[in-house]
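Residue numbers (our numbering), protein chains in the order written: chain A, 4 to 114; chain B, 516 to 596; chain C, 0 to 130.
In case anyone wonders, no lab produced these hints; they're calculated from the structure. We put the beta carbon where it would ideally sit given N, CA and C, even for glycine. Be careful, since some hints might not be right.
[Unchecked claim] Partner residues are not named here, just some residues of chain A that face chain B (Cβ under 10 Å, in silico):
no., residue
1, 16
2, 18
3, 20
4, 24
5, 41
6, 60
7, 61
8, 70
9, 105
10, 113
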Amino acid sequence: MNTESRKKALRYFFEKVVTPMGFKFTPDADLVDFLLEQEVILETKHGIPFCPCQPLRHDRARDMKIVCPCIPFHREHFDLIKRCWCGLFVHQDVTDPDSLPQLSPHEVGLE
Amino acid sequence: MKKVNMYALSTCPWCRKTKKFFTDHNVPFSYIDYDLADEGTQAKISAELDAAGATGFPFVTIGDETISGYQPERYSRALGI
Amino acid sequence: MNKKFVQAIRADEVAPGGMRAVELEGREIVVCNWSGKYFAIQRRCGHMNAPLDMGTLDGKFVTCAMHCAQFDVTTGEALSGPVSEDFGGESPPPKITEYLEHIVMQMKHVRMESISTYDTKAEAGWVLVAL
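Only chain A is shown next, with the shape it has when bound in the complex (with noise of 0.2 Å):
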């Protein structure tokens, strides 16, 4: 199957998911772009589109909270960081994503 393709569909369907949660790509084309081939090559293996920068643990119901996008399993904290985890997502007011510092959910005053 064609990534870029693969690529493309998965952008039309996730902007669809985030923008009622307040979150858009990111600025940084580059970076989407690379996050969106590493996620087709995940799908390619797994079946699903996992994030690229969190473990599975192949235990199905925490697999399932980092299926992308992952907004809504870590909405607190990717509120406060107005980023997701890999940074494929930004809140919709940010214009320099390079700016947000990929802080974890107790650097944050979380758990």
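Guided by the hints, dock chains B and C onto chain A, whose structure is given.
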């Protein structure tokens, strides 16, 4: 210099940036790519992440300090560089 | 062999976002409406021949109901394979385990194929498909 170890994913761009940070600063480090490791190693790493409250990669240990996420300023501070 | 356009379905019977299966000269075809433009694809999923009209059409992407294989209806291109029935580490109830193992084993040998498409045109309230 403090011992530096990291857990990474071969699919994660921030992990690549982290590896590059250490290389660029001539900091010796060891790493394991979680997704390329065997089941036993993955279980061990998974438990370590849980214990530290970390949800994703990169996961860096500098001496006794654990840092989750790509945070070059914290690496510099921990290493004293 | 020259293609001829035949009447497939009334245009107003396939609303935007909708799909309808028709049989034309023995061939099962699904007419899809993507925002007012019509596309026609073979009915059989390129994976295991499930009827695609029973799936979902989102934009120009059809997702098969059986195993979630996805295709672009404008080109027929297969975009993603089916989602496996692997239980991700959980054990299914013992009675169906053997059956599922057998199915999963078979499914591993099934190839993804891209699906055929047919030219369409809208004329006088009808959607025509070239066969």
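So, going through the hints one by one against the coordinates:
With a cut of 10 Å, the hint placing residue 16 of chain A at the interface with chain B is violated, because the nearest CB-to-CB distance is about 19 Å. For residue 18 of chain A, the interface hint is violated, since its Cβ never comes within 10 Å of a Cβ in chain B; the closest pair sits about 21 Å apart. Among the interface hints, the one on residue 20 of chain A is violated; its C-beta lies about 20 Å from the nearest C-beta in chain B, farther than the 10 Å criterion. Evaluation of the residue 24 of chain A hint against chain B yields a violated restraint, the C-beta minimum of about 18 Å exceeding 10 Å.
Hint status for residue 41 of chain A relative to chain B: holds, with the closest Cβ pair at about 4 Å, below 10 Å. For residue 60 of chain A, the suggested interface contact is upheld, since its CB lies about 6 Å from the closest CB of chain B, less than 10 Å. Taking 10 Å as the C-beta cut-off, the interface hint given for residue 61 of chain A holds, the closest approach to chain B being about 8 Å. Evaluation of the residue 70 of chain A hint against chain B yields a violated restraint, the C-beta minimum of about 14 Å exceeding 10 Å.
Contact between residue 105 of chain A and chain B, as hinted, is supported at the beta carbon level, the nearest pair being about 3 Å apart and thus within 10 Å. The restraint placing residue 113 of chain A at the interface with chain B holds, with a minimum CB-CB distance near 9 Å, inside the 10 Å limit.
In the structure shown, a violation is registered for the earlier hints numbered 1, 2, 3, 4, 8, in ascending order.
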